[in-house]
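> Same order as they appear, the protein sequences are chains E and X. Position 41 of the first sequence, counting from 1, maps to 41 under my numbering, and the rest follow consecutively. Position 41 of the second sequence, counting from 1, maps to 41 under my numbering, and the rest follow consecutively.
Hints may contain errors.
If several chains are the same, the list does not tell them apart, and a pair holds so long as it fits within one copy or across any two.
Straight-line distance between alpha carbons at most 20 Å, and here's what the computed SDA-like set of lysine to any residue pairs gives [claimed, not checked]:
id	residue 1	residue 2
1	Lys157	Leu197
2	Lys2	Gly124
3	Lys2	Ala125
4	Lys2	Ser177
5	Lys195	Asn206
6	Lys2	Glu183
7	Lys24	Thr165
8	Lys24	Ile181
9	Lys81	Gly95
10	Lys2	Gln178
11	Lys2	Glu123
12	Lys24	Ser164
13	Lys2	Ser164
14	Lys195	Glu45
15	Lys2	Ile166
By construction, these hints were calculated from the structure, which means they are not laboratory data.
Listed below are the residues making up each chain.
Number of protein chains: 2
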Amino acid sequence: MKIRQLFDYDTWTYTYLIWDEATKEAAVIDTVLEQVERDLQHITELGLTVKYLLETHVHADHITGAGPLRKKTSAQIVIHKNSGSECADILTSEGDVLKLGEQEIRVLHTPGHTDNDSTYLIEGAAFTGDALLIRDCGRTDFQLGSNEALYHSITQKLFTLPESTIVFPGHDYRGLSQSTIAEERAFNTRIGNDKSLEEFSQIMDNLNLPNPKRIHIAVPGNLKCGDLES
Amino acid sequence: MKIRQLFDYDTWTYTYLIWDEATKEAAVIDTVLEQVERDLQHITELGLTVKYLLETHVHADHITGAGPLRKKTSAQIVIHKNSGSECADILTSEGDVLKLGEQEIRVLHTPGHTDNDSTYLIEGAAFTGDALLIRDCGRTDFQLGSNEALYHSITQKLFTLPESTIVFPGHDYRGLSQSTIAEERAFNTRIGNDKSLEEFSQIMDNLNLPNPKRIHIAVPGNLKCGDLES
Numbered sequence: 001m002k003i004r005q006l007f008d009y010d011t012w013t014y015t016y017l018i019w020d021e022a023t024k025e026a027a028v029i030d031t032v033l034e035q036v037e038r039d040l041q042h043i044t045e046l047g048l049t050v051k052y053l054l055e056t057h058v059h060a061d062h063i064t065g066a067g068p069l070r071k072k073t074s075a076q077i078v079i080h081k082n083s084g085s086e087c088a089d090i091l092t093s094e095g096d097v098l099k100l101g102e103q104e105i106r107v108l109h110t111p112g113h114t115d116n117d118s119t120y121l122i123e124g125a126a127f128t129g130d131a132l133l134i135r136d137c138g139r140t141d142f143q144l145g146s147n148e149a150l151y152h153s154i155t156q157k158l159f160t161l162p163e164s165t166i167v168f169p170g171h172d173y174r175g176l177s178q179s180t181i182a183e184e185r186a187f188n189t190r191i192g193n194d195k196s197l198e199e200f201s202q203i204m205d206n207l208n209l210p211n212p213k214r215i216h217i218a219v220p221g222n223l224k225c226g227d228l229e230s
Numbered sequence: 001m002k003i004r005q006l007f008d009y010d011t012w013t014y015t016y017l018i019w020d021e022a023t024k025e026a027a028v029i030d031t032v033l034e035q036v037e038r039d040l041q042h043i044t045e046l047g048l049t050v051k052y053l054l055e056t057h058v059h060a061d062h063i064t065g066a067g068p069l070r071k072k073t074s075a076q077i078v079i080h081k082n083s084g085s086e087c088a089d090i091l092t093s094e095g096d097v098l099k100l101g102e103q104e105i106r107v108l109h110t111p112g113h114t115d116n117d118s119t120y121l122i123e124g125a126a127f128t129g130d131a132l133l134i135r136d137c138g139r140t141d142f143q144l145g146s147n148e149a150l151y152h153s154i155t156q157k158l159f160t161l162p163e164s165t166i167v168f169p170g171h172d173y174r175g176l177s178q179s180t181i182a183e184e185r186a187f188n189t190r191i192g193n194d195k196s197l198e199e200f201s202q203i204m205d206n207l208n209l210p211n212p213k214r215i216h217i218a219v220p221g222n223l224k225c226g227d228l229e230s
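Only chain E is shown next, with the shape it has when bound in the complex:
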C-alpha cells in the first residue's frame, strides 16, 4: 500500500491518499473542501481510481471535500453509522472490512471525540482521525464526545494494536507527521504511560478550549458531505 500525506494549512488537517500499487485502486481519507482541486490533480497524475472517500468522523473544524470528489470520481463515501449521514454511500460498524485492490481496510469504531469516530487499519498503519493524535488526542467536550468512551477506544482498541503500527493522525499542531502505537503508549501526554481514566478525565476536563471557529458551518456542511449547494 502506498500512502501520501497531504496537509491543509488553514485547518491543520491531514488528508491521506492511499492506494494499492498493483491495481491503482485508491482511497482518500478526510478530504478538505478547499483542497479538492489539488487532490484531484494528484489523483490524476498518479493514475489512480478512487474507490472510497473515507471519513474518520463528522468534522467540526473543516468541511469535507468528499461530496465534490464523489462527483468527479464516482467513489463511495464511507462514514460510521452513528454519524446519521444521509449523503454517505456506506455506513460502517465495528469490524467492517473494505477491499481496496488486493488490500483490506478494517474499520475500528473508536468513539469519544465524537460518537462516530472510525479508525481505518491498513497494512500496519492506523488512520486514527481525531481519536488518537501525536502525543495528544481529540477533545471530548462536544458532538457527543465522552472521556470514558475515548479512554476505552484508545486503551482497549488502539493501544492493543501491534506496537509497530504507524499512527497517522487527523491533525497535528506542532509539525509532526506520524507516530507509532509504542510511542503513544509511552509518551502520549494525556493518556500514555498507563494513565488511569481519572487522570485522563482530569486532563480533558481542564483543557478550556474555545469552540472551533467553523463548527456552526462545518457540522451541517459535513452532514451534506460538503455538497453545499444541495
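Got chain E; can you put chain X on it based on the hints?
Showing chain X alone in chain E's frame:
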C-alpha cells in the same frame, strides 16, 4: 532506515529525522532554530543518538538549529564545501559517503538554487533540499543561483536516479509531503516533461519573486550554524 518528516509552519520548511533502526544512529536534515526543543524531545523519546546534522544548503528563509542541536547531541554539522561555512564539522564534495549505523548516506552536489546545494541519498530516498521541490524547484536569482546549474543538477543527476526514488523536498507550499523521480520527470511544472534549458530559463527568469523576508538575518545566521550569540 526510518524517516520522520517534521514541518515548520512559519517558514514552510521540512526537517527530516532519519535513523538506522538497528543501531539507533540518527541524522537530522535541515533543522529550524525555533524547533530545536521539539526536535530534541522527539530524539530523546525515540532513544536516538544523533551523529550528523545535515544541511542541504545555506538557507535564506530560516535559520538552522544545527548549532544549538550540536551542543546538546555532539553531532557533526555537515554542509557542502562551497558554503564557505566556518562552523561546520564536515565539508562535503560530490560523491562523499557518510556512514549512519549500517546505512550509507551519499552526497550529490546539486547546485543551482545556490552554489552549495547537496542532495542526500539514503536507501531509495533523495532529500533534495531546495533543488528539486514537488512539481517545482528552488529559485535561482540569488546566492549564486544559476538556471544552467540547476537544470544540469536536476536533469543530469536527480532525474537519472531510479524512477521509484522517493523525493523528500526542503519545502512545500501546497501541503504535499513527498514525490518520486518518475512523477517529477513527468509532471514538474518547471522542468518536467523534457523541458529544454531555454524553456526552463524562461520560466525561472519570469517568476518575479520578492526576496525572502528573513534573508538578511538568515544567511549570516546560518553561516554561524544558528549559534547567534557567538
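> Hint by hint, work out which the structure violates, then give me just those numbers in ascending order.
Going through the list in order, the structure violates no hint and respects every one.
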